[in-house]
Amino acid sequence: MKRSTLFAAQLIFTCLVCAFMLVPVLLSLLAGLTRNYFQGLSSGLTFDWLVQVWQAYSPTVWLSLQLAVACALCVCVIGVPAAYALVRMNNRFSRAFEELMVLPVAMPGLASALALLLTYGHLGGFRGSWLFILVGHVLFTLPFLVRPVMAVMQRQHLPTLEDAAASLGAGPLRRFFTVVVPNCRAGILAGVLMVVTLSLGEFNLTWMLHTPMTKTLPVGLADSYASARLEVASAYTLLFLLMIVPLLIALQALSARLSRGDQR
Amino acid sequence: MSSALSNRSAVRADSRPLWRWRPGAAVALVPAAAVLLAFWILPLAHLVLLGGESRGEAGSGYWQVLSSGQYLSSLAQTSVLAASVTLAALLVGSISGVFLARQRFFGRSALVALLTFPLAFPGVVVGFLVILLAGRQGIFAALGLGLVGERWVFAYSLAGLFLGYLYFSIPRVILTVMAASESLDASLEEAARSLGASHWRVTWDVIVPGLMPALVSCGAICFATSMGAFGTAFTLGTQLNVTPVAIYNVFTNYANFSVAAALSVILGALTWVVLLVVRKWVRKSGGLL
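The listed protein sequences correspond, in order, to chains A and B. Note that this note's numbering gives residue 42 to position 42 of the first sequence, counting from 1, and the numbers run on in steps of one. Note that this note's numbering gives residue 128 to position 128 of the second sequence, counting from 1, and the numbers run on in steps of one.
Calculated directly from the structure, the hints in this document are not laboratory data. Possibly wrong hints are sitting among the right ones.
Result set (DMTMM-like, lysine to aspartate or glutamate): computed pairs, CA atoms no more than 25 Å apart in a straight line [stated by the list, open to error]: (1) B:Lys284 to A:Asp163; (2) B:Lys284 to A:Glu99; (3) B:Lys280 to A:Glu99.
All chains, full assembly: derive it from the sequences and hints.
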């Protein structure tokens, strides 16, 4: 049958694409656990490289986690009200604001980092602290929370619910915290997961904004790629993947649930 | 979710219902506006002005960039590379994306999950993965050694960069195409088929035009990402003549702030114009995104 050959061709093509995506990751896992990658697997498997990486680079892991959590908090505090306002207003001004908010993502990260560095770089205390990196991360990740929250808000018939709450005498603040926020929990959660994932992996901005005292995980990764031996670099990558893949799985499960809820 | 209230068709038809204008809502926008103003608009304005500053008799940063063959060729090379990566990713991603959206088979969801993971990999990691594929100790080197007796090493060249950019562009295209082809009207295809159109005719005359708005806007994002991708090029070697690396070198090695600022502004403007034109085009053609 003609269709079945086409099906097979497409399946093989897709599997090849998948191999292109997956083979290097597996190679990296393997290299991080092999005693000597140049001799191959026959040299035996070991956790020594992972231990070595942890001893050398564990501060970068903690700093990255701290940044990711702080970034998620900041983005929530700024982004959820912003999403609410944008959905509520829905006029020319709010659409222009939305464009403006997305711009830091479209712009090359290096350009944004350079702009921040040249404008605020002379403030020594701020420049040297991890807050400087946090600012960059918040700018970069903000749209990734606002977008899903806006999408959920637009689906939830919030005006009806809010009008009901208002008619019962709830003020704006109370409506926001007891009606709006609980009704877009799923959107906020999806946004937060995305923000944490992106913040953990952000490099383009961070490389320019970091100092030797504020090295994040991706900065450490770049360091190890440039100077450490292949096994150490691979073990470090393995550590990074171990942190990020559970987040991605949670994100996929959540977005699958969200889109199913949409279709119902 | 709120099924009791839902009126699906009305919500679908216009995802932005026109609500009453309430100035109270604008207050909620203040924190975000303050952050964007202080840390994005002001620094950006500063950057634009800085690019116009001149040091000595060399002229302003913009003039130095626009009159130098090296910077112009790096801008051209970056644009061509980003455009070719975009086209390749669109081709590969839409074949797989349509296939995954249409067919149901064992292992499909696992395949989708695996294909979309790399979306969140940072550029540095992608660069390292390219080294593992095509570097001196990569599998292509081993393959070449086994087949023709010489190592195939292309990770540290533009080909390696192409491979790396392709790596993080394909997942995005697959996701977009899957979402878009699920919202295509299947009855159009059935109609075409019942009128005797071959599989290729259906693909070209029904599926591709239907996906076009999604493909174009996704392509624009891939282009923008590839224009600004710094991590991959940084890992693969700083002698590659792409603009983000050039900016980095000018800034750190020569401390020439006005040229670095001018290059950033020009690269950003180039990216932004492409995004803007594409957005206009999609909106005019009545697309979904």
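Query raised in the report: Checked against the structure, which of the hints given earlier come out wrong?
Result: Hint check: 1 fails alone, others pass.
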